[in-house]
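Could you put together the complete structure from these sequences and hints?
Residues per chain, in single letters:
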Amino acid sequence: MHQFQSFTPSQPPTAAEYAFPSVLQFLQSEWRRFERDRNEWDIEKSEMKARIAFLEGEKRGVDNSKIDLMKRVKMLEFALRQERSKYVEAKDDNSVGVPAQGQQPLAQGVTPSHVNTKIQNRMSTYGQNMTQVSPTSATPGLDPLGRAKSREFLRICLQEISYLTASVPQSIASAMPPAPTRLVRNESDRRAAAAAGGRNRKSDYFPATQTTSGLPPPLNRASSVPLSTLQSFGKGRPTANSPPAPIIDEAEDATLRQFTVPQSAAQPASNRNTKGSEEPTRTETIVKPAPLVTTNMTKPPTEKMDSEKDSSDDTDSVDEEPVTVVHSPLSGDDWHAKLQRAGQQLSLQSKPKKASKSEDDVQLTKDVQDKFNISPERLNKMVKEWDKTKQDGVGSQRSMRKKKAKDSALLGELANLTVNEAETDMGTRTGDSATDEPARWRPKIALKRHLDTVRSIAFHPTKKAILSGSEDGTMKFWNLEAALGDSRKPAGSELDPIHTYRGHTKGITAVALSADQNKCFSASLDRTVRAYGLVPMNKETYARLDPSLNLSTFVGHTDAVWDIRLFPLSISSSQLLGSISADGTVKIWDTETKGSPLKSSWSYHGSDASSATASTGPKQRPVPTGLDFCPTDLKKMVVSYSNSVIKLFDIETGKDILTFKSNETYDGTTGTQINKVICHPTLPVVVSGHEDRYIRFFDLKSGACSYSMLTHLDAVSSLDIDPAGLVLCSGGHDASVRLWDIASTQRTCLQEFTGHRRKGSEGVCAVQYHPTMPELLATGGADSIVKIYTRC
Amino acid sequence: MVTDSNVDEKTAPSDNKPVSASSGTPSPTGRPQRNLPGTKDEGLYQWPQRPLESIESAFALREYLQSLIRQDPHNVDLIIALPTGQDEHAWLYEHLCQICLELNYLIVHLEPECTPEVCPEMRAEEWMYYCATHPTPRECCAIDYLTHTLDGASALLNNVKFFPSRICVPEGSVKNFQSIARRLYRIFAHAYFHHRDIFDAFEAETSLYDRFLKLSRSRKLITDKLIIIPSLNNDDDSVATGARQIMSRQERTSCAQRAKLFNGTLVNI
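So the protein sequences, as listed, match chains S and C. Under the numbering used here, think of the first position of the first sequence as 1, with each following residue one higher. Under the numbering used here, think of the first position of the second sequence as 1001, with each following residue one higher.
In short, the hints are calculated from the structure, not lab data. Please read all numbers here as calculations on a predicted model, not as lab measurements. Take the hints with a grain of salt, since some may be wrong.
Under the rule of at most 30 angstroms between Cα atoms (straight-line distance), these lysine-lysine pairs were calculated in the BS3-like manner [claimed, not checked]:
no.: 1; chain 1: S; residue 1: K506; chain 2: C; residue 2: K1040
no.: 2; chain 1: C; residue 1: K1214; chain 2: C; residue 2: K1175
no.: 3; chain 1: S; residue 1: K539; chain 2: S; residue 2: K661
no.: 4; chain 1: S; residue 1: K448; chain 2: C; residue 2: K1220
no.: 5; chain 1: S; residue 1: K448; chain 2: C; residue 2: K1161
no.: 6; chain 1: C; residue 1: K1214; chain 2: S; residue 2: K448
no.: 7; chain 1: C; residue 1: K1161; chain 2: C; residue 2: K1220
no.: 8; chain 1: S; residue 1: K599; chain 2: C; residue 2: K1040
no.: 9; chain 1: S; residue 1: K506; chain 2: C; residue 2: K1214
no.: 10; chain 1: C; residue 1: K1040; chain 2: S; residue 2: K635
no.: 11; chain 1: C; residue 1: K1161; chain 2: S; residue 2: K539
no.: 12; chain 1: S; residue 1: K506; chain 2: S; residue 2: K448
Here is the structure:
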């Protein structure tokens, strides 16, 4: 596109004669184009860099968690071996726990379905051992001693594990169950589950949940395991030093159960040994799909913790399905799309790595696939989900380190993290869509509550809300959240403002909104500027009037105030507001001070009084018609005057720095004055809208006019540049709104639509892009209506 | 700069309407009918009044009405007189819109004085009013009642369901005028009986009540028995004495009402 455009202007010179101005102009335009291109490339480059950094970070995170998990596997294996020997001893020496022993032969049977009952029994055995055997010390001294030792060891283990697995507590919590569960299942069951999994999207992501329907009691017990483990993470430290409280018992028991699952399976039959030793590893693999189960719960974190506590306290409880079933992925489709992208790369990376790492891993993968009838695609999906675990895990680890937080707090933070991620994701997406240019703006909402011309509008910087000021003397604040959210609502639906600000005794000319201060401002023909408190977004239209909303009135102008502008930044609890008035002055107010808000004031010649008096009298003094602060040079502001001159002033001193060459068509009447002046958000460019239908572009540094174009059928009344700085929106008294591609040299009109009906000689009076939501545009017009446009 | 405009004409793409050289302003006098940014007080709305027939915009009636008011707000009879050949209801509609607009300014004046502490109830003489803007009418304090009523009236007048066009008013919506007028009247009544200074000052400046009353009476928007403000004369003496009488009567009635507040206050919704 750019390439093409770059060649078109190069043709005229060959055909036409070389005139110095045209050559100069050509060179200038070329230079500008190059500058712009370079700027764009820079932006693109930084975007790419950010993307690379992001991907690298992702990779590193996955590697780290993999190492962590390997460590954990090693440790579990070790603990398993230890425990196994302990258990063998205990079984030999200990004659207590008769029911358990009675069932042990059964448990040692080859049929896997018995394994869980065995575990269950063993758990009860341990419980008895701890509470009964040790205190009575009826058994030989070696046994309690050994048990105490192993207990101590396990406690240390638990601490270690809790630290290491802090990165994936969620995943372990919900993903552990599958391993034991699968074990109990016989072949046909498994197939059925896998088949069902293929059909069911949910179970596709969460193989374990499928099994929860018609659960046998052992499964319930098994699924309670990880939860108590999770609980122990939060309380890991204190429990290590305190005497074994019931909860610790739970936690340890749970862990023990985990340890013993594979072992007991392996012990009786040596041919199961290989499989058994793999169990922990396998669980790691299955960990992957898990995060969504827990992290995306819609339940509040505290509630979830409660349910977990309940389930872990009451091991016999059958109501544990909810814990595994409570998953309602709130993530949007875009999130999935992103995950998929990341996941594809990830799986590509991780697969060869696994292969190179060890043959065991390959076998493991295969084993897992065989065992659970998981197709490679599904495995990939798991890996993708795992990507998310890692991100959540990082968050939780951070919070663990920061403070040994209560579980709920930890989960709360996690929840926040996920939300943030979703938000940033949305942000990047909207950013992307902003670059898709051809999207047309369509009217979405019409706000019809004003009784006269809408002169000024201002979006809330971050929310879907807008402020409108009208000739009828009122300023209204509208919450667009609901109306924009509901796509089914027709465009003509009625919306009431959530608040009507009254205070001026004449029409309002300009409004401004400061989210930092939670204030809004209005300027009026009655010579004042008023500050109000912003009402909360959930205010009802007909709520009680809050007198504290009236904050202050800036009195000082001696004639109609025609425009106000907030300084782009609020610096150290001071927010500047610039105002211009028909009395010829520009005034800067500090909206935060308690004392005199007026900071400075100057007239046409700036603060330099001598030259002001020396020249024309006050009668003929040009009157300011528009102002804007320069986002690219925060010390300066531009002011346009009724004699079609734009001046650059220093905000601090009020000194007249530069006079723009903007009055080429000025004929001595207001018919050629400037109505509006704005600064480009990122480039040192000033744009002016003229009464004689021109829009002109100026270089902020030199003050030279770089481009001039006839734009509307009638006077240009309003201008705004979209937040990306690529499109200029202009509103005219010919009732039309036009969008101009200011990124190209030719500044073509991208879209034109009739904005408002004319009243008198007025049409569109205000246009405004949403500062942070590129999909929103608003216009206000003489027909008393504010229109909100969207594009998609 | 000619080259510039030429370039623009040339490069104006197909999706851009060609910019014609003629000015779009239809004003015959050459002076556009708008206040340019930077216009001084004395220069505001300083365009010649045009006869209604020559106004072509969709808001012709409103423009005409506003120009009449700007010309002389106290010439009430001329302002409310129906222009020949115009729809009566449309004219009434514009008037009510304009009255709502101007009542905004009355509320601005009232706001510092009419606080919830001073006027915890919406009263006028012996009447007490419930605010009808809520799902169930509520006992709002006076300033809330005033703002709610005005916001509600503006919302109703701007509601496309009831008033889809400015040229004619659907038959079914005409009855809304009466309810709007009845409620707007209470704003005047409250100001008159409780904030007389403000009312008088505002009336002297705008003659808004006079206009409203004459309009309502001539169009039968308000029945005479609902009119509680004694007729205003331009004779200062009679106004003053009238006011004195009112004040004393008001005090009497308010005392009486305090006594029988719960067993039969005159309540109106």
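Consistency of the hints with the structure:
| no. | hint | result |
| --- | --- | --- |
| 1 | K506/S x K1040/C | holds (13 angstroms) |
| 2 | K1214/C x K1175/C | holds (18 angstroms) |
| 3 | K539/S x K661/S | violated (48 angstroms) |
| 4 | K448/S x K1220/C | holds (28 angstroms) |
| 5 | K448/S x K1161/C | holds (12 angstroms) |
| 6 | K1214/C x K448/S | holds (28 angstroms) |
| 7 | K1161/C x K1220/C | holds (24 angstroms) |
| 8 | K599/S x K1040/C | holds (23 angstroms) |
| 9 | K506/S x K1214/C | holds (25 angstroms) |
| 10 | K1040/C x K635/S | holds (29 angstroms) |
| 11 | K1161/C x K539/S | holds (25 angstroms) |
| 12 | K506/S x K448/S | holds (20 angstroms) |
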